[in-house]
Amino acid sequence: MEEEKITGLPENASRELREGEEYKPLLSPDKNYPEVNTRSVTWGLLMAVLFSAAAAYLGLKIGQVFEAAIPIAIIAVGLSGASKRKGALGENVIIQSIGASSGVVVAGAIFTLPALYILQAKYPEITVSFMQVFLSSLLGGILGILFLIPFRKYFVSDMHGKYPFPEATATTQVLVSGEKGGDQAKPLILAGIIGGLYDFVVATFGTWAETFTTRVLPFGEALAEKAKVVFKLNVGAAVLGLGYIVGLKYSAIIVAGSALIWFVIVPVLPLLGDHIAQILNPTFTDSLSSVAPEVIFKEFARHIGIGGIAMAGIIGIIRSWGIIKSAVGLASKEFKGKGQAVDVNVKRTQRDLSMKTITIGVILALIATFAFFYFGVFEFNLLYATVGILVVAVIAFLFTTVAANAIAIVGTNPVSGMTLMTLILASVVMVAVGLKGTTGMVAALVIGGVVCTALSMAGGFITDLKIGYWIGSTPAKQQTWKFLGTLVSAATVGGVIMILNKTYGFTGDNALVAPQANAMAAVIEPLMSGAGAPWYLYAIGAVISIVLTFFKIPALAFALGMFIPMELNAPLLIGGLISWYVATRSKDKALNTARHEKGTLLASGFIAGGALMGVVSAGLRFGGINLMNAGWVESNGAQWLGLVMYGAIIGYLIWDSMRAKLSK
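First residue of the sequence shown? That's 0 in numbering that gives the first Met the number 0, and the numbers climb one at a time after it.
The set of hints was computed from the structure by calculation and includes no laboratory data. Here the structure is a predicted model, which is why all the values come from computation and not from measurement. Just so it is clear, CB atoms sit at the ideal spot from N, CA and C, and this is done for glycine as well. Keep in mind that the hints are not guaranteed to be accurate.
The calculated DSSO-like cross-link candidates involving lysine-lysine, where the alpha carbons are at most 27 Å apart (straight line), are [unchecked claim]:
1) 152 - 30
2) 248 - 660
3) 551 - 152
4) 152 - 324
5) 185 - 660
Pair ranges (Cβ atoms, derived) [stated by the list, open to error]:
6) 120 - 30: 51 to 61 Å
7) 161 - 324: 14 to 24 Å
8) 29 - 615: 40 to 50 Å
Using the sequences provided together with the hints, build the complete structure.
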């Protein structure tokens, strides 16, 4: 086969297509390329094991799960380059897709399942086994894959150019630049080195503070304590790059949601008095006037974001009802034998697993989940197991589109918020059918673990499928081998969580913090003991989403802004403004496009470098090497230096983007 020259993604890869225009991927739909073979599967599985262990440790230690897709893509490109392997683009997509199972399975598992160990420390009668953790992760991951596949065409093809897909963009740029090599890959490599070193010295040495806050100013501290008003900004390179790719439209909506929470709701709540606060959140016992604005956000305002995400999800489900119906209709046609003739003419790059296969897979996965609940969780109680499987099936299926939508917009999956809602709903339903106490706590957490992993997988897998769509992979091959990656990742995560619990524990002195799991345990315990949930706060968020939808403002993006901490939202707007600036300075439209594309390469480099060096930093911590200058990094001087360095990296991004020239 004649080798094709890879010159980069087509010009229409990230914009909406004109009438009659078609997107043509890098790998021709009319040819076959090396994709699934011993090399790609072996390396993919090895990446899944390594990154599952690293992500689980870091996630439980500091509460952040790094995205594995980009570092794995960089390693895959490095491997094919080192072995001088030509035409490895299709193989590298499979390595990345199998290996990236690690990050999403880890996120699903560590947000919920360590809460079993946390509760076990308080209630010794609770037993936790490897199989509970393993099967929750495995079955959730399988359901996430199966539920997402029918929506692949809608998200990656029908909505072409309407969603920014920031993580998929960065990963694709890495894979493509590695394949084309030469001068065209230099901007991404250089930006990767700059962004990687920038984030590495912050995360490892604390050379400057990672977050700038208005508390460094004398009146800023007083404003935070008395008026409950504070502004925070993450000065990392990776988050800045993410904002550039998200773009101005969505980043402005996200930051508007954040501004409503931090500059209106958080300052106003203490003025309403502690009596109102007690009604809004029955589990909160302190006085609002005596706590920091961050506590008000965590205990009150964040729940408004959860309610907003849930309602935005329900609205999204109603809007996508036509797609859901068509997927179900296609499945029934295939079962009747009417869909066979169509498959023969489907292009390689549009070939999914058949709806018949997906439907049978879903049925078998739900039967296996039911058996797991009946024998391993509910102690042979048929009613509880039936209710449990219904909760899992309905919530996981309906919220699949929400998870995919969130990733497509902002590259961040609000899975912990959706899981919190799942835990609350599962607890309420379980209490209603008579299940309370420690058995109820375990049941709700296992249900939450299955749903959390399913939603995490759905969000992560849409990224893989978008990468494959841009490059020209065979979707059915990505989908088939994703199951194996999920199996290996689930087994690794189960083992790592057990080892970490025995080594460090999740409660007490010197324990791993496991912040999300501790939050889940804190929510579950009062619910299963008869206390309430902050329903009024969820309702406020739901009303906000309904009003936004009425005015045709994307409710999910706004709700994400309300839920995700401000310091991670503010840089998105800065990146979005830079993206707008470099794309509008010239009267020559082609030059604006060239500058914007150069900026996209640089931003992708920032994300890739930051993600890869995050793994290195995590490895050093795992090895017990702590080089952090704790005294300096917490000082005001470190914050001011961080702001100066942030200005420097913004200047570099603008300057190098504006240097782009039109190709002759």
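Consistency of the hints with the structure:
1. 152 - 30: Answer holds: residue 152 to residue 30 is near 20 Å, not above 27 Å.
2. 248 - 660: Distance of about 26 Å is within 27 Å: holds.
3. 551 - 152: holds (24 Å)
4. 152 - 324: holds (14 Å)
5. 185 - 660: holds (15 Å)
6. 120 - 30: 51 to 61 Å: holds (58 Å)
7. 161 - 324: 14 to 24 Å: Holds: the Cβ-Cβ distance is about 21 Å, inside 14 to 24 Å.
8. 29 - 615: 40 to 50 Å: Hint holds: Cβ distance 41 Å, inside 40 to 50 Å.
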